[in-house]
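With the hints as extra help, turn the sequences into a complete structure.
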Amino acid sequence: MIKMGAKVNLISGRTIVQGQNLDNKLSEEYFNEVATCELNKADMERLGVAADGHVKVKTSFGEVVVKAKEKGGTPEGVVFIPMGPWANALVSGNTHGAGMPQYKGIDAEIEPTEEEVLRIKDLMKTYME
Amino acid sequence: MVEELLIRNGVVYDPINGVNGEKKDICIRDGKVVEEVRNPKVIDAEGRVVMPGGVDIHAHIAGGKVNAGRLFRPEDGRKGREAKTKVCRAQSGYSVPNTFATGYRYAKMGYTFVMEAAMPPLAARHTHEEMVDIPILDNAAMPLIDNNWMTMDYVKSGDTDLLAAYIAWMVKATKGYGVKVVNPGGTEAWAWAKNCDLNDAVPYFDVTPAEIVKSLAVANEKFEMPHSIHVHGNMLGHPGNYKVTTSTYDLVKGITPYRDRPTMHATHTQFHSYGGTTWRDFESKAGAIADYVNKNEHVSIDLGSVILGDTTTMTADGPMEYSLYQITGRKWTNHDVELETGSGITPFLYSGKVSVHTIQWAIGQELALLIKDPWKLALTTDHPNAGPFIGYPIIISMLMSKRRRDESAADMHKVIYDRAELPSIDREYDLYEIAIITRGMTAKTLGLHEHGKGHLGVGADADVAIYDMSPEEHDAGKIQKAFLNTKYTIKGGEVVVKDGEVVAAPAGRTFFVTPECDSKLMEEMLVDLKAKFEHYYSVSFNNYPVQDAYVPNPYEIKAPWRS
Amino acid sequence: MVEITDVVCSLCGCVCDDIVVEVEDNKVTKVKGACAVGKSKLMGHGRIESPAIRENGELRDCSYDEAIKEAAEILAAARRPLLYGWSSTVCEADKVGIELAEEIGAVIDNTASVCHGPSVLAIQDVGLPSCTLGEVKNRADLVIYWGANPAAAHANHMKRYSYISKGYWTEEGKKNKKLIVVDVRKTATAKMADVFLQIEQGKDYLVFSALRALLYGYEDVVPEVVGGIPKKDLLETVKMMKEAKFGIIFFGMGVTHTRGRHNNIVNAIQTTRAAHTHTKFNIMPMRGHYNVAGINQVCTWETGYPFAVDLSRGYAWYNPGEQSATDLLIRRECDAALFIASDPGAHFPGESIRHLAKIPVIQIDPFPNPTTEFANVVIPTAISGIEAEGNVYRMDNIPIRLRKLVDTEYMADEEILERILEEVRAIKEKEGE
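Just so you know, the protein sequences line up as chains V, Z and B, in that order.
In terms of my numbering, the first sequence opens at residue 144 and continues consecutively.
In terms of my numbering, the second sequence opens at residue 12 and continues consecutively.
In terms of my numbering, the third sequence opens at residue 9 and continues consecutively.
No wet-lab data here; the hints were simulated from the structure.
Please read these numbers as outputs of a predicted model, since none were measured by experiment.
Note that CB positions come from ideal geometry on N, CA and C, so glycine has one too.
Heads up, some of the hints might be wrong.
Okay, the calculated bits of chain Z under chain B, using three or more residues with CB under 8 Å as the criterion [to be verified]:
1. 109-119
2. 200-212
3. 337-351
4. 536-548
Pasting the structure below:
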């Protein structure tokens, strides 16, 4: 049974630790930083997800499991995933004639999950199936 | 292997050597003109016009603002597309051609040397990177040294020796050729969205543009510099600016040049020869400017003659480009450069149906026809400001044919008969005069004739243009066609163009000047300069000078201090 | 131990050139003056150890010669090859890349197409009133970051060039300056701001329009709230803009990546022009990679266009939105790809990666990354700015030369590309073209 998740606006962007590990993407540090999803406190509570609990984020283009992280300053209804393979699993390739995919402002659904977060090599394998 | 070439029976125009249409052989060995050859390849130039390779004294062909022009005008890029060949890289662009097209097209017109007219010192590496990518042409670039804070500080303190030391450091650090001046003081003022007239005080610096020009001319002549200061004066493009122009010329009167050349080269004079008070009563003052140049020896000029049609204007004169953008409402790019200069870029269309453009069009040609001595002027379009360099053959045909000028004028705005002199001028240039304003004068004014450029005397670089026309040709259309695509262009002894096609594209050389300055003076100047880097520049002192890697084919000219 | 001064950082578009590095036993052991991100880069990470070719799903180590030959064969056989990346290497390598693209009739695209490509499109529409970073340092009394978070992405930017820096007319640093931040999230940068405008996601276009209207004096047409920002805050912002002696807008991917894309930037530039009718105002994109500005420059002077250039016709054809890397991949049009100095495995939409997994891919990079996971030929390379020198362009298009700090056995990007080009030409000659 597909449980409908909460509707959110998905954005992505840089973080310091993501930047520090640009040349080190197969590392634990990169995984811990980038395979995450920042939400504000109210949204965490609404979803009933604890810090480091897993959430599944779905868009029309794909779905991915990441760790939830509470982050003040994130507005309600917006979720932030640091730029990288996990965020991009959710991005469409449609550039609307501008050459540029829409990396920010994607309609997404989010729900708590027991599923594991895919490691980078396993995530890439999903593209080869 | 000895490479020999013999150009046989051409009709040679070599003004620096006083050769005026003589049937003559040119002997070439190892890239140089020699007395005789033994076993040469022969090019038959029977009945054709032969000239030294063209030397362009002022064009914007490489560097930040040229590339900003290309970048923001893909519509211009689409105009000049040509696929790659075995010899040539892919080409694009009309008013802002890519680097490869720039080299090929100049070579096809018989040019072998081009001076990049404005190099922002902080971005000098960029200019050099592009020049390396321009095939065939030998080249050089003039760093902007007039709106620089260091310059204004020394102008204010009145210390022209320290100013000279700064010039020496700057020209060397940028691997540049000489001192370029663009809207002195006005470009610094533009960093606050203001501008300066010749005698206005530059905001915060307490000097005037007039003082800047004069001091730079004095400092420049402290060295054996091959070229005078090269000046784009204040108030470019403003109605009534001709008085500013002659006042600017007056500033350097009495300064003794190091050798037999003017103390100021005033560039794209068309834009500085305007009468009237507004665009409504705008009129030509080419006559007044020509009169000044005829009566004086301390100024040389180039035309900045207009080519009708679309182009991309670009200059370090930021406020001027902003004014132009306000007139047209078209796209506008600006790039101010810390402690040194600025730049603006905007597209522009010169139309023969518009009164102002018609008068501008007339002025460039009037200057050429009213200045009596062709050794005082050079053919330019201030590429691409008054039009792209590819239009030079049009100007040549106009200067050589009164009939063509009359026919063109008849198609243009009738204002040409009231507020311009052109229709009443009968003079026609001959090929010798054309050779002067496209190679002889330009090579001499830049001091390049002493380094093998602009002539065909023994020892000169074997840069030769053979035009597919008879010296008797009077048909303007045929003249234009011949000057657009040579029968042969030879660069350094190698045939690079044959029958209007590029057949070889060797790398060009970069000429640069090393002014030599007393080490104590230099040390004193460096204290001031390093303080500027410490506090105000965003690049460190040690990363600033252009490294040798950027000039893979160097030609150094030393400029000793005059004792 | 050797101390090297004036080291140029090869991480982000700030290209800080005053770093001090200590080298011991041919290794960088200490870095002073770089930000946390730059320091991490200079200190180094695990490398791709050997050239490799994928066989039966696994990478098999091989020699440079073998990998280069294999790469050349893939490219020479391809009908619609894509050469992509170019932003984290030097201009000297980029030039060879463009020549290679011409030789094989490839599409050559760079990371701008997923970064500031929309800014390029906007500049092609309206131009860009801008300046060098030193101008901002010396003159700016109003700094606006819009959709940009330098505290995370360009950590030295404020200190060296903008809000916190000290210059000629700004000798007291931030004391006499104002900082406005416009962002969806209250970022670390936003927390420093005098005015933080928390904008609703995707409403940048509306807010620029409102500011423009106010700058031109049309207060009556602006509603009480625009994009989540109260009108009074917009009025206050406009007052600050008009009263500034020198204002600058730095904008980031918050504006380029979102709905509206280049239209947002056109509006941002038009807003700058509106402010320029009152005072000096400039605008600058916060370029990401240290040489993304450089590949745009080189590509422009060599082909006429800055990115997404199609050379299949023999001359350059430019229509981004038709032949950007993403568009080519989504249409499943390209049949081979070379990636250099970039990591599409991490930074392209999943949808495009799906096609990449099906075609031969060549990776040229110092580091293993997600792209390595599906690359068929992997060619490790020297790190520009640490093991190799060369020219790069800072975000304000100022060219600076990267220094070489240590020796390496790895081949430099430029040499690898030259050798591939040589091999490709040999193959084509053999085929009697």
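We went through each hint and held it up to the structure:
1. 109-119: Our answer is that it holds, as 3 residues pass the Cβ test (under 8 Å) against chain B, meeting three.
2. 200-212: Our answer is that it holds, as 3 residues pass the Cβ test (under 8 Å) against chain B, meeting three.
3. 337-351: With 9 residues in contact (Cβ-Cβ under 8 Å with chain B), the coverage given for the segment 337-351 of chain Z holds.
4. 536-548: holds (count 3)
In this structure, none of the earlier numbered hints is contradicted; all agree with it.
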